[in-house]
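Colleague: Per this note's numbering, numbering through the sequence shown is continuous, rising by one, with the last residue being 371.
To be clear, the hints were calculated from the coordinates, so they are not data collected in a lab.
Even glycine gets a Cβ: it sits at the ideal position worked out from N, Cα and C.
One or more of the hints may lead you astray.
[As the list claims (entries may be wrong)] Within a straight-line C-alpha distance of at most 30 Å, the following computed DSBU-like cross-link-like pairs (lysine-lysine) qualify:
#1 Lys359 x Lys341
#2 Lys346 x Lys326
#3 Lys339 x Lys326
#4 Lys346 x Lys266
#5 Lys326 x Lys245
#6 Lys311 x Lys359
#7 Lys331 x Lys266
#8 Lys311 x Lys341
#9 Lys266 x Lys347
#10 Lys260 x Lys331
#11 Lys339 x Lys311
#12 Lys359 x Lys346
#13 Lys266 x Lys359
#14 Lys260 x Lys245
#15 Lys266 x Lys311
#16 Lys245 x Lys347
#17 Lys311 x Lys260
#18 Lys266 x Lys245
#19 Lys326 x Lys266
#20 Lys311 x Lys346
#21 Lys347 x Lys311
#22 Lys260 x Lys341
#23 Lys326 x Lys260
#24 Lys339 x Lys359
#25 Lys245 x Lys311
#26 Lys339 x Lys260
#27 Lys331 x Lys347
#28 Lys331 x Lys245
#29 Lys346 x Lys245
#30 Lys245 x Lys339
#31 Lys331 x Lys346
#32 Lys341 x Lys331
#33 Lys245 x Lys341
[As the list claims (entries may be wrong)] Quick list of the computed label-pair ranges, beta carbon to beta carbon:
#34 Ser353 x Lys326: 16 to 24 Å
#35 Gly349 x Lys311: 16 to 24 Å
#36 Arg369 x Glu263: 29 to 37 Å
#37 Asn329 x Gln242: 12 to 20 Å
#38 Thr356 x Glu283: 33 to 41 Å
#39 Asn319 x Gly294: 33 to 41 Å
#40 Glu272 x Thr343: 14 to 22 Å
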Amino acid sequence: MNVRQISKEDTWQLRQSVMWPDKNIEYVKIDNDHEGIHYGLFDHNELCSVISLFVQGDTAQFRKFATDTSRQGKGYGTTLLNYVINEAKEMNTKIIWCNARKNKTTYYKKFGLTPSNETFQKGGVDYVIMSRHL
């Protein structure tokens with residue numbers, strides 16, 4: 238397995254197939270995708286997991302974190318998220334946060350993220366904002 242920066246376009250197919258398989262590819266594009274740093278985890282040159290990091294000042298937000306459904310539960314996402322958290326630390330950010338699907342909060346707690354009281358809904362999915370001091 239290796240992690241490297243990829244283009245925003247390289248993230249879109251995996252984002253769509255994992256996160257919003259019932260939507261078209263346009264639905265997973267972010268208006269400010271061009272401002273993000275996009276990472277991919279590869280296994281034998283096959284893209285298995287993607288995540289996008291957006292840094293503003295001393296705060297970093299990760300978005301559109303997706304691992305191929307056939308590879309979930311095998312450590313690919315964990316490896317990628319740990320990598321991105323370390324990248325955020327290297328950039329001297331103080332806080333990392335995300336909009337977590339409520340059914341994934343237990344997963345993010347393993348990385349030290351804690352849920353806030355801020356919740357919202359998008360596309361029929363419930364989210365909670367989670368963060369961690371770095």
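Colleague: None of the hints should be skipped; say for each whether it holds.
Modeller: Outcome of the hint check:
no.	hint	in the structure
1	Lys359 x Lys341	holds, 15 Å
2	Lys346 x Lys326	holds, 18 Å
3	Lys339 x Lys326	holds, 25 Å
4	Lys346 x Lys266	holds, 26 Å
5	Lys326 x Lys245	holds, 22 Å
6	Lys311 x Lys359	holds, 28 Å
7	Lys331 x Lys266	holds, 27 Å
8	Lys311 x Lys341	holds, 16 Å
9	Lys266 x Lys347	holds, 28 Å
10	Lys260 x Lys331	violated, 35 Å
11	Lys339 x Lys311	holds, 21 Å
12	Lys359 x Lys346	holds, 22 Å
13	Lys266 x Lys359	holds, 14 Å
14	Lys260 x Lys245	holds, 18 Å
15	Lys266 x Lys311	holds, 26 Å
16	Lys245 x Lys347	holds, 27 Å
17	Lys311 x Lys260	holds, 26 Å
18	Lys266 x Lys245	holds, 9 Å
19	Lys326 x Lys266	holds, 26 Å
20	Lys311 x Lys346	holds, 18 Å
21	Lys347 x Lys311	holds, 15 Å
22	Lys260 x Lys341	holds, 20 Å
23	Lys326 x Lys260	violated, 34 Å
24	Lys339 x Lys359	holds, 12 Å
25	Lys245 x Lys311	holds, 24 Å
26	Lys339 x Lys260	holds, 20 Å
27	Lys331 x Lys347	holds, 19 Å
28	Lys331 x Lys245	holds, 25 Å
29	Lys346 x Lys245	holds, 27 Å
30	Lys245 x Lys339	holds, 25 Å
31	Lys331 x Lys346	holds, 18 Å
32	Lys341 x Lys331	holds, 23 Å
33	Lys245 x Lys341	holds, 24 Å
34	Ser353 x Lys326: 16 to 24 Å	holds, 21 Å
35	Gly349 x Lys311: 16 to 24 Å	holds, 22 Å
36	Arg369 x Glu263: 29 to 37 Å	holds, 31 Å
37	Asn329 x Gln242: 12 to 20 Å	holds, 18 Å
38	Thr356 x Glu283: 33 to 41 Å	holds, 35 Å
39	Asn319 x Gly294: 33 to 41 Å	violated, 23 Å
40	Glu272 x Thr343: 14 to 22 Å	violated, 30 Å
Hint compliance for this structure: hints 10, 23, 39, 40 are broken, all remaining hints hold.
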